[in-house]
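Engineer: Protein chains in written order, with numbering that gives the first Met the number 0: chain A, 0 to 456; chain B, 0 to 418.
Because the hints were derived from the structure by calculation, they are not lab data. Errors might be hidden in some of the hints.
What the hints assert, rightly or not - Stretches of chain A that chain B covers, calculated by requiring three or more beta carbons in the stretch to come under 8 angstroms of a beta carbon on chain B:
1. 54-67
2. 103-109
3. 293-303
4. 431-441
Cβ coordinates follow ideal geometry from the N, Cα and C atoms, glycine included.
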Amino acid sequence: MARPTDPTQPAPSAPRHLLETIERLARADGPRPSAPSAGLPPPTLLGLHLSRAPGLHAHHRRIAAALLGEAAERGGGQLHALGADMALLFSPADGGAAVVATLARVFATLLPPETLCSLWPLPAAADPALVWLRCAHATTEPGSATAPDAQASAAHYAALDGALQSMSTGEIVHRQTAVLLRPGHADPLVPAFREVAIATTALEARLASLPAASDPFLFSHLATRLDQRMLAALLQDVPAAGPLSAGTGPGALHVNLTLPGALSEGFARLATAAAPALAAGLRIGIELPFAEIFADPTAYVLARERIRLAGMAVVLDGLTADTLALTAPETLEPDLVKLSWSASLLTPAPPVLQAIARLNGALGHGRLMLHRIDDESAIGWGMRHGIVMFQGRYIDTVLAAARLGACPQAKGCTLRACLDRAAATDFGPRGGCRNLALLDLGAPLTRPATPPARLAA
Amino acid sequence: MPDTHQPGLHPADPHLFALPPGLAALTTLVRDCSVSGVARQVLLLRTDLLDTHPGSGPGARPAARPGARSGHLARLRDALEPLAAAERGRLHELGHDRLAVSWRGDAPDRLRRTLEAIEAVLGGNPLDGPALPELARLFALPRDGAALLALATDPPGRIGSDPAAPDAPLPYVPPPPRPRPPLDPASLGLMETRLAAANVARFARRRIVCRLGNDRFTPAWETRYLNVAELMSELAPDRNAFADPWLFRRLTRMFDRRMLALLTTKAELHEAGPFSLDLNVGGVLSPEFIRFDATLPAALRGQAVLALHPADIMADLPTFTFARAYARARGYRILMRALGPTLIPLLDLAALELDFVELRWTPALTALDPGALRAGTARWLLSRADGPDAVHWGRSVGIGLFQGDAVRPGPLPPLHGPP
Numbered sequence: 000m001a002r003p004t005d006p007t008q009p010a011p012s013a014p015r016h017l018l019e020t021i022e023r024l025a026r027a028d029g030p031r032p033s034a035p036s037a038g039l040p041p042p043t044l045l046g047l048h049l050s051r052a053p054g055l056h057a058h059h060r061r062i063a064a065a066l067l068g069e070a071a072e073r074g075g076g077q078l079h080a081l082g083a084d085m086a087l088l089f090s091p092a093d094g095g096a097a098v099v100a101t102l103a104r105v106f107a108t109l110l111p112p113e114t115l116c117s118l119w120p121l122p123a124a125a126d127p128a129l130v131w132l133r134c135a136h137a138t139t140e141p142g143s144a145t146a147p148d149a150q151a152s153a154a155h156y157a158a159l160d161g162a163l164q165s166m167s168t169g170e171i172v173h174r175q176t177a178v179l180l181r182p183g184h185a186d187p188l189v190p191a192f193r194e195v196a197i198a199t200t201a202l203e204a205r206l207a208s209l210p211a212a213s214d215p216f217l218f219s220h221l222a223t224r225l226d227q228r229m230l231a232a233l234l235q236d237v238p239a240a241g242p243l244s245a246g247t248g249p250g251a252l253h254v255n256l257t258l259p260g261a262l263s264e265g266f267a268r269l270a271t272a273a274a275p276a277l278a279a280g281l282r283i284g285i286e287l288p289f290a291e292i293f294a295d296p297t298a299y300v301l302a303r304e305r306i307r308l309a310g311m312a313v314v315l316d317g318l319t320a321d322t323l324a325l326t327a328p329e330t331l332e333p334d335l336v337k338l339s340w341s342a343s344l345l346t347p348a349p350p351v352l353q354a355i356a357r358l359n360g361a362l363g364h365g366r367l368m369l370h371r372i373d374d375e376s377a378i379g380w381g382m383r384h385g386i387v388m389f390q391g392r393y394i395d396t397v398l399a400a401a402r403l404g405a406c407p408q409a410k411g412c413t414l415r416a417c418l419d420r421a422a423a424t425d426f427g428p429r430g431g432c433r434n435l436a437l438l439d440l441g442a443p444l445t446r447p448a449t450p451p452a453r454l455a456a
Numbered sequence: 000m001p002d003t004h005q006p007g008l009h010p011a012d013p014h015l016f017a018l019p020p021g022l023a024a025l026t027t028l029v030r031d032c033s034v035s036g037v038a039r040q041v042l043l044l045r046t047d048l049l050d051t052h053p054g055s056g057p058g059a060r061p062a063a064r065p066g067a068r069s070g071h072l073a074r075l076r077d078a079l080e081p082l083a084a085a086e087r088g089r090l091h092e093l094g095h096d097r098l099a100v101s102w103r104g105d106a107p108d109r110l111r112r113t114l115e116a117i118e119a120v121l122g123g124n125p126l127d128g129p130a131l132p133e134l135a136r137l138f139a140l141p142r143d144g145a146a147l148l149a150l151a152t153d154p155p156g157r158i159g160s161d162p163a164a165p166d167a168p169l170p171y172v173p174p175p176p177r178p179r180p181p182l183d184p185a186s187l188g189l190m191e192t193r194l195a196a197a198n199v200a201r202f203a204r205r206r207i208v209c210r211l212g213n214d215r216f217t218p219a220w221e222t223r224y225l226n227v228a229e230l231m232s233e234l235a236p237d238r239n240a241f242a243d244p245w246l247f248r249r250l251t252r253m254f255d256r257r258m259l260a261l262l263t264t265k266a267e268l269h270e271a272g273p274f275s276l277d278l279n280v281g282g283v284l285s286p287e288f289i290r291f292d293a294t295l296p297a298a299l300r301g302q303a304v305l306a307l308h309p310a311d312i313m314a315d316l317p318t319f320t321f322a323r324a325y326a327r328a329r330g331y332r333i334l335m336r337a338l339g340p341t342l343i344p345l346l347d348l349a350a351l352e353l354d355f356v357e358l359r360w361t362p363a364l365t366a367l368d369p370g371a372l373r374a375g376t377a378r379w380l381l382s383r384a385d386g387p388d389a390v391h392w393g394r395s396v397g398i399g400l401f402q403g404d405a406v407r408p409g410p411l412p413p414l415h416g417p418p
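With the rest of the complex left out, here is chain B (with noise of 0.2 angstroms):
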């Protein structure tokens, strides 16, 4: 899914300026990503529930004595640190003894580390209060940002005093703005009927992707994809067509046999270069891609490469190993995109015999074993590179293609930080 807008703190709002800054910054990312659909998550820590809540539940804690929060709130500040330190992550202080992170993507090592540390700070005084479910609760935005205000803005009078400030109101928070609506079947008839007749020609795009040899970059090849976001804003302004996953899915089949249509025209490929394509399984094995196919100029035979999703690949593995074996009979090479740190040790990659595997970058990466990156014979792809960290590791564990603002042809700019 393309990520298009990045959330960051403009607080237009003049509601906003009377909020902690921390508070503020988190309302204004519950803001962003309802209005762009921009996914984060985020775990807020009640750290003022454990004065007075006896707890309930599970492993709950006898009541906690007074002032216990005073001597943990620094420790569970640093407990927070590894989301902190994420892909675009952010320490929160909303006040009231209260802390949230955010992040970007996928952190699984950091989130349990984090959520280790915090039972490690809670468990280690027997007279604490409540459990951790009740202290910490994890949300993704944009679905849960108005619950995450109501619990990070609930008033203290609901929990108990405040011994610093007993009667201290917290400031309002204006609710986020209403989400657009997802996609729902009907509207999903309605935009494939549009999406069929639509010109989507001005929404082709092209990205490269370099291979790096010689502290050079050199071209590769060009990625050939249509800019969804764009095309979703025109044709449906008043949907999300991003919130409802599955929905989503059907409707890139659509935009599969929209951009075949587009490259069987003559003048698409004409003098095109090597080039990859985005498809589903299903895609490969369409009237259309055998029409593709047939049109493909001489030229470009064996220098096309087909990037197919690891869960369209997992969804019908008999269909993927068909659409594989087909694909390589007319000389196509095919790529695995968009794995992450959780998918890396979760996918025997050498079995699934690719000849390229995309890795989106993330700071999570930096975590992984360098030795998940050699099996099997698949070259690797890091996309996502926008800047020199990003090169710099990929560069460090002997990653040959990249794609990313960072990436263009020519000498490798100087790399600063650690490796």
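Looking at chain A on its own, in the form it has when it is part of the complex (with noise of 0.2 angstroms):
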């Protein structure tokens, strides 16, 4: 049999050869996978199940082919590409131990071992391994487990600068609002702030046809560019308490920046402007994103100054279990810290647990906060570890419900309705609604809550 010449490519898969060429080991009749020599180890086929593995990127079926190629090429057998999954029919002295071993150390991640891949002696293994064969997807895709990675052009480029220049500030600002929970109080939920932000996820939308927009290196230049359009924004409607400000909401409002915009000269027109806010009681917090702080963190200092010398408060976006079993945020001195929520926190890791501690005790309680909320499994979570201010989908549901239970005007508004309208920050969407002063609250309450700590310093 052939060995592969690229040990990125796995050959063009011939099911039906490798079917037949095993039915005829089964039956002892038919050649041997190698050319016959006196010595050679027996055949065995090796089944990797890549396509049991969720999340299953390119790059992961590339190094399979390359780690599997190398076998091929050790063990003189041929390379299959059976969909996501791969079979090896190969003559390995130890049986195709080590391989798999390797295959185990490499995949612990995404799959179990006795999950990743299964090892069937021929021909004594030959009917399980017809049996996985034939079940296994039908269909090939020559070279698909390796193509290379898409490489945007310069008119791609083009295009983005294209469809973002087309797109108005409305669209691609939209605003959210965290809450206090509260058990126990006459109001359980109050509404803690306003953030305004890109929307990230319908400017993903919109440029989801455009290959580079899938770089996430493209999409963070791109925001760092939109930023001075939200701050724009931003210095309109702070001082006149628009649709973008907490003026009319919950008076605490959140900006999400990157580090290059919060040290832009944008960010120190919005200091100056929102000083006679601030000096009335606005609170504004700045978001930045945690990722970015490992690429500069000078910049994350001088923006953490900058910001604590407008007065406004530090908050760090975007952390999620991984990174905060990993590090110690409070190390940053930030004054909140927002993170994300999944379903692997309903079972933490100890260093997860342990990082929780320390911040709570670093900080100070209520400090952290979760976000990305989108069922109320995460609120039991957070209220168990101290956890009292919530953000997320989940929570503009609960609070587009209230709004529609205690407004006056909400004969025929649909729940989606509410939900959109309290989102968006262009007139547009936000016209369809009677009662813009309940919209803008954020939440049917007589007064708003103040957010914890250091928030309102």
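Both chains are given apart, each in its own frame, so use the hints to dock them into the complex.
Structural biologist: Next comes the structure, spelled out in structure tokens:
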């Protein structure tokens, strides 16, 4: 059987040929998978079940193909791609134990070894091998496992620029209300702050047809540029208590910026424009992306001090369970830390719990909050871990339902419409609401709540 | 990002001779940073506002009594000391009771101590003038050069009279040269096309890493890298490739591909010794790396180090974990690049399961708790060890690997200065 000529490319697969070879081996009347020679180890079929792995990327398949390609080279065999899965018919001296051990180590975070791959010594295990081969994805995709990552060209970049410029500020800037949960109070759920941010989802949807939009570096570049448009809009809205401002809402405004955005002249202008509102009691927090700090810690330190000099609070945004387990965000001296909710937090690893305890101890109670909450399981988990501030689509829905229940002008309004209007910052979607005061307040309350700790400072 | 140019005071512009020396130095610094793209931070202290400005905004103080600043200037100058002592730190006396301090890199503790000291000086007298945000402004060069010079030379008339020289105009300061425009998406695409076709072999460089033992440096490995500054100045002389960090990071993927392709040619590694490569995490999982790995000479298997940037690692931890497992399975060792004093306490280095951690020398490291360097089993490499102070400090905290101008195989040169 021919050896692959390129270790990154499994051979164009021939499942029919593979099936026939193993069927002949099962009948013990076919040729060996390699040229027969005295002392050649018995043939083995290795099945790699990558299709069972959640979140499979092209690089997983590429690395698997490389590792199996080398095993094929050593064991005189050939690699076949079966959709996301791979089959290697070879004659390894150790029965395949070494390559299986390597695969188990490399793919340990994706699948447990017993789920990841199977070894079928032939002809003894020909029957289960044939069953798997016949059940495996019949459609082969030659080369698909090792397709190079899509490369965007200059034309794509130009298209991105054009798409971006054609979008209105209202289209790209959204707002969302975070809440404080106070069990036992007369108002157990009160707005804590209003966040304005680039509507990443809307932007991704708009740019999805462009290959370059999937590039995280390019996307971050776009976000940095969009910051300036958001800051310009805030410059008008904050002093005038416009729809972006919290002047009519919870009394606290969070602005989501990149580090370059926080260090820009646009931010300096916002700080100047917002000074009277800050003096009058408006609280402003600047949310900075946690991941960006590792690219330029000096910029973070400068941005933090600049934000503090402006009388605003520093918020770390975008921590995940993974990053929390490996970091000590309290050393960055933020005023608030936002942890992204994920189901993995329901069974947190000990380092995550230790990090939460450390954060609560160093920053004080209520300075860690959960966002990107999609269901109520996050609320119970958060309360058990001393978290009282929450944000996300689940909270949006709860608030919209409360508004609909309390609004005398809600006749004919739907929950979806109320959700969309609350998130919108431009006149179009908001214009459909007949009770903008309640919409901007976020929840039907008589008074806004005061968030805990130094956010009020 | 490579730091290829060190700004210095060379006031070739005749205008600069007419300026107070501190303002001339600051102007030169702004100009040099604009031209070279080298980054510096500047804290400007407008002490002249103390007498005259009523203040506004949160925390504003009542209007100051006349002469308030005269009692404070010396104390404020002292307050700037922590930053003046930072890496390449320099105090600039700008005249008209204005002070500025410039420094390089990551000095969070010094910045905080300085701001606290300024606040303490101002807070000591309830009749002092404006709030801290109005007196002290932070600038990042080269981006904020024009704004810094504008505020540093703001005419006294705008801010009130100067009792010592009521009508003294500030001297003319020539504006900094227009910085080269940053990359934009269209120019990035063009540069990628040029880079794909360029002969990068002449930009390939090596830099030695030495092991320190028995007061001798012995070679440990060579860092193989592309001189990106030279490459960019040839491919796009009219653009500042480093000004937009995200587009530059996108460009580094192309550097990875070209460097790996270069090393895949047989001649490059035929007689090479142990080496390290700077790569993106995605580069380790790329087809180019797989080809490079397939052609790696057997003698070098287990002798190569892959150097990854913390931003790349933290941006996608699952992908890093996978890349680390794959690299280890192929016999590579993993180094985390370019850590500074802010990131060391932030990261749980033991949990990241690294083989080496590169610490970039800055005097701010001397304030670091040496205990932080004992976390985990990774070995530490002190880079940018360009002088004996860096080597001395590294040795005192038990670092065993060094790289920099002061690092050459052979006996350790005599070390001077405080530990």
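Engineer: The structure should be examined with respect to each hint, and the outcome stated for every one.
Structural biologist: Hint-by-hint comparison with the structure:
| no. | hint | result |
| --- | --- | --- |
| 1 | 54-67 | holds (count 8) |
| 2 | 103-109 | holds (count 6) |
| 3 | 293-303 | holds (count 9) |
| 4 | 431-441 | violated (count 0) |
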